[in-house]
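Colleague: Here is what each chain is made of, one letter per residue.
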Amino acid sequence: MLNVIDNSGAALAECIQVLKMKRAASIGDRIVIVVQKQRSFGPETASSSKSTVSSANKVRRGDIRHAVVVRTAKQVQRKDGSVVKFGDNACVLISKAGEPIGTRLSGVVGRELRERGWGKVLSLAPMHL
Amino acid sequence: MRTYDDTFSGQKIYPGKGKLFVRSDSKIFRFQNGKTESLFLQRKNPRRIAWTVLCRRQRRKGISEEAAKTRRRRAVKSQRAVVGASLDVIKERRSQRPEARTAARAQAIKEGKEKKAASDSVKKAEKAKNAGKAASGQSTGRVINKQGAKGASAKPRPTTK
Numbered sequence: 001m002l003n004v005i006d007n008s009g010a011a012l013a014e015c016i017q018v019l020k021m022k023r024a025a026s027i028g029d030r031i032v033i034v035v036q037k038q039r040s041f042g043p044e045t046a047s048s049s050k051s052t053v054s055s056a057n058k059v060r061r062g063d064i065r066h067a068v069v070v071r072t073a074k075q076v077q078r079k080d081g082s083v084v085k086f087g088d089n090a091c092v093l094i095s096k097a098g099e100p101i102g103t104r105l106s107g108v109v110g111r112e113l114r115e116r117g118w119g120k121v122l123s124l125a126p127m128h129l
Numbered sequence: 001m002r003t004y005d006d007t008f009s010g011q012k013i014y015p016g017k018g019k020l021f022v023r024s025d026s027k028i029f030r031f032q033n034g035k036t037e038s039l040f041l042q043r044k045n046p047r048r049i050a051w052t053v054l055c056r057r058q059r060r061k062g063i064s065e066e067a068a069k070t071r072r073r074r075a076v077k078s079q080r081a082v083v084g085a086s087l088d089v090i091k092e093r094r095s096q097r098p099e100a101r102t103a104a105r106a107q108a109i110k111e112g113k114e115k116k117a118a119s120d121s122v123k124k125a126e127k128a129k130n131a132g133k134a135a136s137g138q139s140t141g142r143v144i145n146k147q148g149a150k151g152a153s154a155k156p157r158p159t160t161k
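Line by line, the protein sequences give chains R and L.
Just so we're aligned, residue 1 is where the first sequence starts under the UniProt record's numbering, counting upward by one.
Just so we're aligned, residue 1 is where the second sequence starts under the UniProt record's numbering, counting upward by one.
You may find that some hints are simply not true.
Claimed, not checked - Once the Cα atoms are required to be at most 25 Å apart in a straight line, the calculated SDA-like pairs of lysine to any residue come out as:
| hint | chain 1 | residue 1 | chain 2 | residue 2 |
| --- | --- | --- | --- | --- |
| 1 | R | K20 | R | P126 |
| 2 | L | K17 | R | K120 |
| 3 | L | K12 | R | K37 |
| 4 | R | K74 | L | R43 |
| 5 | R | K74 | L | G16 |
| 6 | L | K77 | L | I90 |
| 7 | L | K19 | R | K58 |
| 8 | L | K27 | L | Y14 |
| 9 | R | K37 | R | G102 |
| 10 | L | K44 | R | K37 |
| 11 | R | K58 | R | A97 |
| 12 | L | K12 | R | Q77 |
| 13 | L | K19 | R | R23 |
| 14 | R | K85 | L | N33 |
| 15 | L | K35 | R | R23 |
These are computed hints drawn from the structure, not numbers from a lab.
Predicted model, so just to flag it, every value in this text is computed and none were measured.
Between the sequences and the hints, there should be enough to build the whole structure, so can you do that?
Modeller: Okay, here's the thing in structure tokens:
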């Protein structure tokens, strides 16, 4: 289970496949996820009926999407000898072509994304560590 | 070389050491070793753990020693007698009020000037006397040969004709 930190509409995602490898995903890995929980945006959507979710949401619960991992609770060893670990696991949803679905990110992302060719995700992020 | 401080214990973290932890509220914590990381994750208060910098600072540990060291290094000034002035004289001069001191100095300068003036006048008078003598000597009309004028002894008078 990973948090989704973009504004695509998903809040919680479950990883069902790590692409191109047979091991646990790390920062910058592309995975296939199922959207398990949706995010409700804004106060007006909350005040309206609870069953309908905001139309701003680009994904729905149960959707199968691709995503890229941006934070892991498992520590990552860097080339310069430093070790980084995050408080949670998080991902950003992407299209099949590799473009991010959301337009904004909240929270920090790992710097490993640059080496792995996820410059677009990095440019959306407020901070990378 | 950039070093960081351990967020829990305050130790220095050199490159290649330690671990960076980013909490989900995107606050950054740096740990020097597993000990501090573990204590942090156990939500211990570093102020209550004796060996951390925070605790030591709070209890003023290791500060008094440093202060003592610096005091020892300071240069000590003392008065002692110098060539022309004994210790008593120096102390007396020092204890005088500044006005008195300046007045005394002015007095001394005045005295010096007067002395000089007096000696000058004496010298002048002597010079004048000498000049007068020389002048009078010339007016007598006594014949003095050149060598005699230069200070040579007079020729002995011839005893026979």
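Colleague: Hints first: check each against the structure and report whether it holds.
Modeller: Consistency of the hints with the structure:
Of the pairs offered as hints, the one joining K20/R and P126/R is violated, with about 29 Å between alpha carbons and a cut-off of 25 Å exceeded. A hinted pair counts as satisfied when its Cα atoms are at most 25 Å apart, and K17/L with K120/R does not qualify at roughly 31 Å. A distance of roughly 43 Å separates the Cα atoms of K12/L and K37/R; the hinted pair therefore is violated under the 25 Å criterion. With a CA separation close to 20 Å, the supplied pair K74/R and R43/L stays within the 25 Å bound.
Proposed proximity of K74/R and G16/L is supported: the alpha carbons are some 18 Å apart, at most 25 Å. Distance check on the hinted pair: K77/L and I90/L sit about 14 Å apart at the alpha-carbon level, within 25 Å; holds. Taking the CA atoms of K19/L and K58/R, the gap is near 37 Å; set against the 25 Å cutoff, the hint is violated. A distance of roughly 20 Å separates the Cα atoms of K27/L and Y14/L; the hinted pair therefore holds under the 25 Å criterion.
Pair hint K37/R plus G102/R holds up; C-alpha atoms about 16 Å apart against a cutoff of 25 Å. Among the hinted pairs, K44/L with K37/R is inconsistent with the structure: their alpha-carbon atoms are about 34 Å apart, more than 25 Å. Straight-line distance between C-alpha atoms of K58/R and A97/R comes to about 16 Å, which keeps the hinted pair within the 25 Å bound. Only pairs whose Cα atoms come within 25 Å are accepted, and K12/L paired with Q77/R is accepted, the gap being roughly 20 Å.
Of the supplied pair hints, the one linking K19/L and R23/R holds, its CA atoms being roughly 24 Å apart against a limit of 25 Å. The straight-line distance between the Cα atoms of K85/R and N33/L is roughly 14 Å, inside the 25 Å bound, and the hint therefore holds. For the hint pairing K35/L with R23/R, the CA-to-CA distance comes to about 30 Å; that exceeds 25 Å, so the pair is violated.
In summary, the numbered hints that this structure violates are 1, 2, 3, 7, 10, 15.
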